[in-house]
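J.: Residues per chain, in single letters:
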Amino acid sequence: MCSVILRSSDGADHVVSQEAASLSKTVQSLLEELEAAKDGEESILIVPLPNVCDCTLRKVLQYCIQHTMSAQQVTEGPTPSDELKKREMEAWDRDYIMVSTDELYHLVMAAHYLNVPGLLELCCEGIANLIRGKSPEHVRQCFGLVKDFEAPEEESIRCTNLWALVDEKEQAKK
Amino acid sequence: MIMYGLRLRHTSKQVAELSLLQAKLPEEILTQILSKLPSLSLGLAQCVCKQFRSLCCTDTLWRPASVEAFWQEFSREAAPVASIHALVRSQYRGSWHKMFMERPHLRFDGLYVSRNTYIRTGLVEWRVKNPVHLVCYYRYFRFFPDGTLLYRTSPEVPVQVQRSMRTLVRNRMDEGVLRGRYLLRKDNLFTSLPLGNTAGTEIRTRLRLRSTCRGGNNRLDVDKILSYDRGSDLGVPMLDHANGEEEEEVGGRQYRRGLAPYTFVAWEHMQDSILNLPVHKMDFYVAG
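Residue numbers (full-length UniProt numbering), protein chains in the order written: chain A, 1 to 174; chain B, 1 to 288.
Misleading hints may appear alongside valid ones.
[Said to hold, decoys possible] So, partial list: chain B residues that the calculated Cβ filter (under 8 Å) puts toward chain A: (1) Lys36; (2) Leu40; (3) Cys47; (4) His85; (5) Ala86; (6) Arg89; (7) Pro104; (8) Cys213; (9) Arg214.
[Claimed, not checked] Which bits of chain A does chain B cover? Going by a derived footprint, with three or more residues having C-beta under 8 Å, they are: (10) 3–16; (11) 127–140.
[Stated by the list, open to error] A few chain A residues that face chain B, going by a derived Cβ cut-off under 7 Å, partial list only: (12) Thr26; (13) Ala37; (14) Leu162.
If you're looking for bench data, these hints aren't it; they were derived computationally from the structure.
On a predicted model such as this, the values are computed, not experimentally measured, just so you know.
Beta carbons are placed, not taken as given, at the ideal position from N, Cα and C, and that holds for glycine.
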């Protein structure tokens with residue numbers, strides 16, 4: 001199996017298999033270009049990624065490696081435990097996405113830049129989980145957002161979305 | 001520091017809670033995140049800030065919720081989804097959000113709770129006291145998009161029953177959860193519940209769906225509860241054929257108790273709903 005080196009913005013190198021690196025469409029197309037330009041002597045390609053910092057890249061690669069490994073296992077033989085593996089993978093994903101909001105931000109941006117569809121999906125899911133079922137005030141706190149409505153505007157928005165807020169109002173009455 | 005083509009500042013201690021996620025996330029990613037949210041969270045997110053509000057109004061975000069909400073209504077047709085598409089174009093100016101807010105539909109993200117209380121006179125001892133008991137019990141409905149429903153009568157408060165009614169997966173007969181079918185025609189709701197006993201009793205309820213606010217769909221008024229002893233007579237039509245206008249069958253027993261209107265409580269609000277209050281804190285609950 002052919003290996004490649006990914007170089008992060010702080011200059012640290014990561015050696016990974018070409019398959020794992022190809023999960024990123026950006027890296028894949030870069031690799032193809034490099035492949036075409038290479039003069040035959042170099043055996044290992046170096047892909048510079050000036051937009052991704054080291055710790056984020058490490059985290060991204062963790063995802064890529066895990067996912068290529070499981071994909072290989074599946075193709076080796078369609079065992080009856082396919083369903084089990086899928087569930088294992090989902091559990092792994094859930095664990096993986098348990099990071100701080102800042103890390104999550106870097107991860108989602110890196111996934112977007114590197115164009116890893118699965119990871120981007122996973123990150124969006126992770127962020128959506130932070131919003132799901134929370135009151136507007138809670139969401140604001142969680143994301144450090146500022147309420148930029150004017151008073152009458154806010155009232156009208158609350159009115160149109162009363163169906164979602166309704167219990168809150170009952171609480172207020174109590 | 002410049003990354004991902006944006007200028008970022010390291011978050012200092014002071015603004016620690018102002019995470020990078022805020023305004024720095026490009027709108028396309030935010031939209032993708034919002035598309036993962038259920039309708040209730042979308043409604044809540046609209047109240048967060050201007051940016052969220054305009055993003056949450058993106059019409060396509062409401063498409064999955066609308067299709068789910070109205071699927072049952074069109075499930076008899078050859079291509080339900082196509083029918084819903086036709087409807088949204090013809091009646092709601094092509095807006096999924098408008099359709100979701102304006103057309104009556106059942107809500108699948110919580111329980112409809114009917115809290116019933118009645119007074120029972122207690123045992124008179126020595127003619128000193130004349131005790132009365134205030135008895136409280138609940139009726140619960142949980143609807144699923146495919147026309148299935150779960151029903152339960154229980155003295156337990158919503159927080160305690162919610163786990164048993166969350167999913168269809170396990171058969172929870174032992175917990176007193178019954179499984180039936182429903183039909184919604186405009187705002188008329190018909191439910192059918194086989195009790196599974198030897199007499200083959202079926203309970204039918206006629207309800208009316210109502211909203212206390214726009215798009216609420218949060219009240220069910222009980223019109224009638226009837227029970228039929230079917231025996232092993234399977235010739236009796238089940239709810240399937242009914243277009244809702246079926247005539248009343250003979251031989252039904254009508255229930256006169258426990259007709260309190262149902263209030264919708266979303267899973268997210270279950271924990272702090274006032275319906276959880278015990279009788280000594282809240283004697284009668286009148287659903288508005």
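J.: None of the hints should be skipped; say for each whether it holds.
T.: Okay, the hints, checked on the actual structure:
no.: 1; hint: Lys36; result: 4 Å, holds
no.: 2; hint: Leu40; result: 5 Å, holds
no.: 3; hint: Cys47; result: 4 Å, holds
no.: 4; hint: His85; result: 24 Å, violated
no.: 5; hint: Ala86; result: 25 Å, violated
no.: 6; hint: Arg89; result: 23 Å, violated
no.: 7; hint: Pro104; result: 12 Å, violated
no.: 8; hint: Cys213; result: 4 Å, holds
no.: 9; hint: Arg214; result: 6 Å, holds
no.: 10; hint: 3–16; result: violated (count 1)
no.: 11; hint: 127–140; result: holds (count 10)
no.: 12; hint: Thr26; result: 12 Å, violated
no.: 13; hint: Ala37; result: 25 Å, violated
no.: 14; hint: Leu162; result: 4 Å, holds
Consistency note: the structure conflicts with the earlier hints numbered 4, 5, 6, 7, 10, 12 and 13.
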